[in-house]
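J.: Can you build the whole structure from these sequences, using the hints too?
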Amino acid sequence: MKLRSLAGALAATVALPFCAAHATDLEVTHWWTSGGEAAAVAELAKAFDATGNKWVDGAIAGSGGTARPIMISRITGGDPMGATQFNHGRQAEELVQAGLMRDLTDLATRENWKEIIKPSSLLDSCTIEGKIYCAPVNIHSWQWLWLSNAAFKKAGVPVPKNWDEFVAAAPALEKAGIIPLALGGQPWQAAGAFDVLMVAIAGKDVFENVFAKKDEEVAAGPEIAKVFKAADDARRLSKGSNVQDWNQATNLVITGKAGGQIMGDWAQGEFQVAGQKAGVDYTCLPGLGVNEVISTGGDAFYFPLLEDEEKSKAQEVLASALLNPKTQVAFNLKKGSLPVRADVDLAAANDCMRKGLDILAKGNVIQATDQLLSPDSQKQKEDLFSEFFANPSMTPEDAQKRFAEIIAAAD
Amino acid sequence: MTALTRGSARPNQWLRNLNAKIASIPMILTAVVIFLGGTIWTVVYSFTNSKLLPRLSFVGLDQYERLWAAPRWIISIQNLAVYGFFSLIFSLVIGFVLAALMDQKIRFENTFRTIMLYPFALSFIVTGLVWQWLLNPQFGIQSIVRSLGWTSFSFDPLYNADIVIYGILIAALWQGTGLVMCLMLAGLRGIDEDIWKAARVDGIPMWKTYVLIIIPMMRGVFITTLVIIASGIVKVYDLVVAQTSGGPGIASEVPAKYVYDYMFLAQNLGQGFAASTMMLVTVAIIIVPWAYLEFGGGRKRG
Amino acid sequence: MDKIASNSMVSAYDASPDRLAAGPRGRKPRRRLSRRNIIIYGTLIVVSLYYLLPLYVMIMTSLKGMPEIRVGNIFAPPLEITFEPWVKAWAEACTGLNCDGLSRGFWNSVRITVPSTIISIAVASVNGYALANWRFKGADLFFTILIIGAFIPYQVMIYPIVIVLREMGVYGTLTGLVIVHTIFGMPILTLLFRNYFAGLPEELFKAARVDGAGFWTIYFKIMLPMSLPIFVVAMILQVTGIWNDFLFGVVFTRPEYYPMTVQLNNIVNSVQGVKEYNVNMAATILTGAVPLVVYFVSGRLFVRGIAAGAVKG
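Chains as they are written, first to last, in the working numbering: chain A, 93 to 503; chain B, 78 to 379; chain C, 9 to 321.
No lab work stands behind these hints: they were computed from the structure.
Keep in mind that a hint or two might mislead.
Said to hold, decoys possible - Distance condition first, Cα-Cα at most 30 Å in a straight line; then the derived BS3-like pairs of lysine-lysine:
| id | chain 1 | residue 1 | chain 2 | residue 2 |
| --- | --- | --- | --- | --- |
| 1 | A | K403 | A | K206 |
| 2 | A | K138 | C | K96 |
| 3 | C | K96 | A | K146 |
| 4 | B | K98 | C | K96 |
| 5 | B | K274 | C | K214 |
| 6 | A | K146 | A | K403 |
| 7 | A | K331 | A | K296 |
| 8 | B | K98 | C | K145 |
| 9 | A | K306 | A | K454 |
| 10 | C | K96 | A | K349 |
| 11 | A | K318 | A | K493 |
| 12 | A | K245 | A | K331 |
| 13 | A | K210 | A | K405 |
| 14 | A | K210 | A | K306 |
| 15 | A | K138 | A | K405 |
| 16 | A | K296 | A | K210 |
| 17 | A | K454 | A | K318 |
| 18 | A | K223 | A | K305 |
As the list claims (entries may be wrong) - If we take Cβ atoms under 8 Å as the criterion, some of the chain A residues that face chain B in the derived model are:
| id | residue |
| --- | --- |
| 19 | G157 |
| 20 | P161 |
| 21 | A190 |
| 22 | G277 |
| 23 | Q278 |
| 24 | N334 |
| 25 | S404 |
| 26 | E408 |
| 27 | D468 |
| 28 | K471 |
| 29 | E479 |
| 30 | F481 |
Said to hold, decoys possible - Rough simulated footprint, nothing fancy, chain B against chain C, three-plus residues with beta-carbon under 8 Å:
| id | region |
| --- | --- |
| 31 | 51-60 |
| 32 | 150-158 |
| 33 | 198-204 |
| 34 | 212-224 |
Yeah, the Cβ is synthetic: ideal placement off N, Cα and C, and Gly gets one too.
T.: Set out below in structure tokens:
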């Protein structure tokens, strides 16, 4: 423990000798407040503090919805923080265009980010007009089905290996008084679950045609109709979840009250905090066990342009520390996400993370919807799917029609 | 000073009542710069396609067309109408009846009043949280009644899309009726004892005295109360967020939440501003004529 | 009718200002257990239960341990009383990396509430006085705009206010937040003060004018000493509103000034696996404690003040 932080400090002083002398306070805002998330962010803070500076934590609970407006108001109001988390992609696009964010291109060239960050689409999402504005810290993929082994044991059926088996096993679960599919009430969860079903059932090409090329014909076509059929199943199976937050839904799976949950790999952090073991207590099926493709969205840190010379230097130190191999390993193990660089050793990775790493190495990746769609289209999608999943009287056909309209209007 | 205020000399027109004007500067600034300026600014930008940052690139009525085509906005409006109607009626009726009961020379008036008023001291976030819990079917009122033997008893307003807005109403009334009761009680205390005596002498039944004589005399209280209740209704946001986050699905969405979500979550300022403009227009249509009659129009003091 | 009514009300005040304190009027109570009394007290007691139920559940839950909550009935009193959740809510609950609970925000809330309350009341009372006693051309128009302003959802105004504060150079400071609270408190407070001052006997004001007293002299020497009840009402409304505010506190300041409600939101919304309802409830009661105490202490004055201020429109 002591040795590691010492080594970290040493590495930092060697890499950037010019700022080791001053301790600078840097306020970092983020919305990582669940158990696993908080443990992960502590690793980032530790790495930054080890450079002789001080991480001032500005956590705002309530997920991005509560936190983002506050961050944006502060940046546009002229009282920016030292660094802030966003989902990379298009959330900070305009702040960059308005010249409010720091250009990290020099640092990125010096540290050779282009070579070390894999897949390269992550850095592309940080790049606007040829300049790099953010430091990606992790890869989060959405395409996972988390299953409670205990729940299936109780229902007396084997743990399913793919979505179809899961749907087939559902009646047995229901008979045992278990909710087959846990789904929280927050709108983004419903929209996310649909995207996952789309990749799994219709495949990578259809996904790209719809979200990257915004092809409304495909969105209105038979492939997507199949996806809506599956979503209809999911809607039926998720009846009775009655929770709001994603981690409460995950908790239903952890405690065996629900059979499974479609959720991103961040759910793994919760299993870990609860002391459960992959493969023993729970099972994970990437791509719902149908189509092993994962998306490579994630979190990134952006650095608002500051006047203070010292703080600006500290920003670069932080950016560099975030991508440090040691930080990457420590952080991602806690967070349940994958590191953004391929050259780190994840010996401690568990079963599920390994599956993810394998898929990543094979290149079976897609971009996340956050990277492809504007927050506006995302929100419309969320409105649609939260209504769809909560309202059994809405037919899949109607929903598909509205979905196609959203895609047609997307920019 | 007295010479000035008589205001006969023309050049002194602006200096007349100078101190009052200086003292009103904060109010004038707030009214003009913040409320009026902010409103105009909002309306102007509602005709643009501003995303995360305000930008003056006009797109005509696009934002409004999209707004009225959005099912979520329609549901928000309907919810606000239902919530507003019942909230207004119940607040006034419950508040008045409670105040009338409290005005019957009862014992422990202080205790009862404190009990009814204390929820007002708590924020909507807190109110929403507590009621979310009480109304939770798994361990709230429903489960208690069931454990007493009525196993088919069902009371889960927050998880039933058809009645979720009433679940929110229950919490809103819990928080707000105490204040209304106090306002009404204050109004009743302002009524001359002689009126009661006269009514009794004439043999008018009590309820009739209230409806025909007392209530019309309490016009001022009703207006203040109405401003407080109605402004709260239009602004309802925190309570919904704390109780249901707009769910199940979009069944308990309200306009203020639509505005906030589209401005900040969807990063589509234009859409958010279009929605807020619609809210402002509605408020203005209802309020302006009334406010003009009430506060403008040269009504003198007294 | 209207005119007469309000005139008679004014004269009623003048005649016996103490009458308000004298308490309820209405018919004299007769026998103890008359049907009428049963109905009145019965209704009041039932209604009181509705108001008290949530508080009861909050307190009971905050004194239970998590295992008891999971199995138990929310209305049952705790089998084993524990103050652990209170300690945790006040001093240990985590948000991100900071694990010092609500204690962090308490003094910030005080630092925000005290100046905001004083300044907003000072400004609104002078406004109300000017509107009631020193009418000038256009005053009614501004006042009407102000009242309509009370109906604008706060969320709509965030952007324009960010811009105004930025241009004034006070964004992110305590001063900026005080200005925001003053602005949004102004409509209702000005309405209250205007009505109150308009209800004071005009003769007092006229006599002072004849004696040559000016705007500020009359305000400080005559109006202020007579206005204790309405100041209490304004104070209660403002302390409650500002103390409970979350949105402005978090949008217009920086973390070193975050009020207690921000920590409350953080505690309530950061779920570590299972929701810790007992800690949430303790945190809720702790956050609400200050306005609650204000209410309990000055509840009597509140009704009196409203009676004096809000009766006349």
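J.: Against this structure, judge whether each hint is valid.
T.: Hints, verified against the model:
1. The hinted pair formed by A:K403 and A:K206 meets the criterion: a straight-line CA distance of about 25 Å does not exceed 30 Å.
2. Using a Cα cut-off of 30 Å, the hinted pair A:K138 and C:K96 holds, with the two alpha carbons roughly 24 Å apart.
3. Restraint check for C:K96 and A:K146: satisfied, since their Cα atoms lie roughly 26 Å apart, inside the 30 Å limit.
4. For the given pair, B:K98 sits about 52 Å from C:K96 by alpha-carbon distance, which is inconsistent with the 30 Å threshold.
5. A C-alpha spacing of about 34 Å is found between B:K274 and C:K214, which places the hinted pair above 30 Å, so the restraint is violated.
6. For the hint pairing A:K146 with A:K403, the CA-to-CA distance comes to about 11 Å; that is within 30 Å, so the pair holds.
7. For the given pair, A:K331 sits about 29 Å from A:K296 by alpha-carbon distance, which is consistent with the 30 Å threshold.
8. For the proposed pair B:K98 and C:K145, the alpha carbon gap of about 10 Å is at most 30 Å, so the pair holds.
9. Between A:K306 and A:K454 the CA atoms are separated by roughly 26 Å; this keeps the pair inside 30 Å, and the hint holds.
10. Note on C:K96 and A:K349: the hinted pairing holds, with a Cα-Cα distance of about 28 Å set against a maximum of 30 Å.
11. Proposed proximity of A:K318 and A:K493 is supported: the alpha carbons are some 13 Å apart, at most 30 Å.
12. Restraint check: the Cα-Cα separation between A:K245 and A:K331 comes to about 21 Å, which is no more than 30 Å; the hinted pair holds.
13. Using a Cα cut-off of 30 Å, the hinted pair A:K210 and A:K405 holds, with the two alpha carbons roughly 26 Å apart.
14. Of the pairs offered as hints, the one joining A:K210 and A:K306 holds, with about 26 Å between alpha carbons and a cut-off of 30 Å not exceeded.
15. Of the supplied pair hints, the one linking A:K138 and A:K405 holds, its CA atoms being roughly 18 Å apart against a limit of 30 Å.
16. Of the pairs offered as hints, the one joining A:K296 and A:K210 holds, with about 19 Å between alpha carbons and a cut-off of 30 Å not exceeded.
17. At most 30 Å may separate the alpha-carbon atoms for a hinted pair to count; A:K454 and A:K318 meet this at roughly 27 Å.
18. Distance hint between A:K223 and A:K305 is fulfilled; the C-alpha atoms sit about 24 Å from each other, no more than 30 Å.
19. Here the hint on A:G157 is kept, as its CB sits about 5 Å from the closest CB of chain B, short of 8 Å.
20. With a least beta-carbon distance of about 4 Å to chain B, the hint placing A:P161 at the interface is held under the 8 Å criterion.
21. The interface hint given for A:A190 holds, since its Cβ lies 6 Å from the closest Cβ of chain B, which is under the 8 Å cut-off.
22. Hint status for A:G277 relative to chain B: holds, with the closest Cβ pair at about 4 Å, below 8 Å.
23. Given the 8 Å rule on beta carbons, the hint for A:Q278 holds: about 6 Å separates it from the nearest Cβ of chain B.
24. Nearest Cβ of chain B to the Cβ of A:N334: about 6 Å, under the 8 Å cut. The hint holds.
25. Interface hint at A:S404: violated, since its Cβ lies 23 Å from the closest Cβ of chain B, which is beyond the 8 Å cut-off.
26. Hint on A:E408 is violated. Least Cβ distance to chain B is approximately 25 Å, over the 8 Å limit.
27. The interface hint given for A:D468 holds, since its Cβ lies 4 Å from the closest Cβ of chain B, which is under the 8 Å cut-off.
28. The beta carbon of A:K471 is positioned within 8 Å of a beta carbon in chain B (closest approach about 3 Å), and the interface hint is therefore held.
29. A hinted interface residue such as A:E479 counts as satisfied when its beta carbon comes closer than 8 Å to some beta carbon of chain B; here the least separation is about 4 Å, so the hint holds.
30. With 8 Å as the threshold, the beta carbon of A:F481 comes within range of chain B, its nearest partner Cβ sitting at about 7 Å, so the hint holds.
31. Three residues within the 8 Å Cβ limit are the bar, and the region 51-60 of chain C against chain B gives 7, so the coverage statement holds.
32. For the region 150-158 of chain C, the stated coverage by chain B holds: 9 residues have a C-beta nearer than 8 Å to a C-beta of that chain, and at least 3 were required.
33. Under a criterion of three residues with beta carbons nearer than 8 Å to beta carbons of chain B, the stated coverage of the region 198-204 of chain C is upheld, 4 such residues being counted.
34. Only when three residues or more bring their CB closer than 8 Å to a CB of chain B does the claim for the region 212-224 of chain C stand; here the count is 5, and the claim holds.
When each numbered hint is compared with the structure, violations occur for hints 4, 5, 25, 26.
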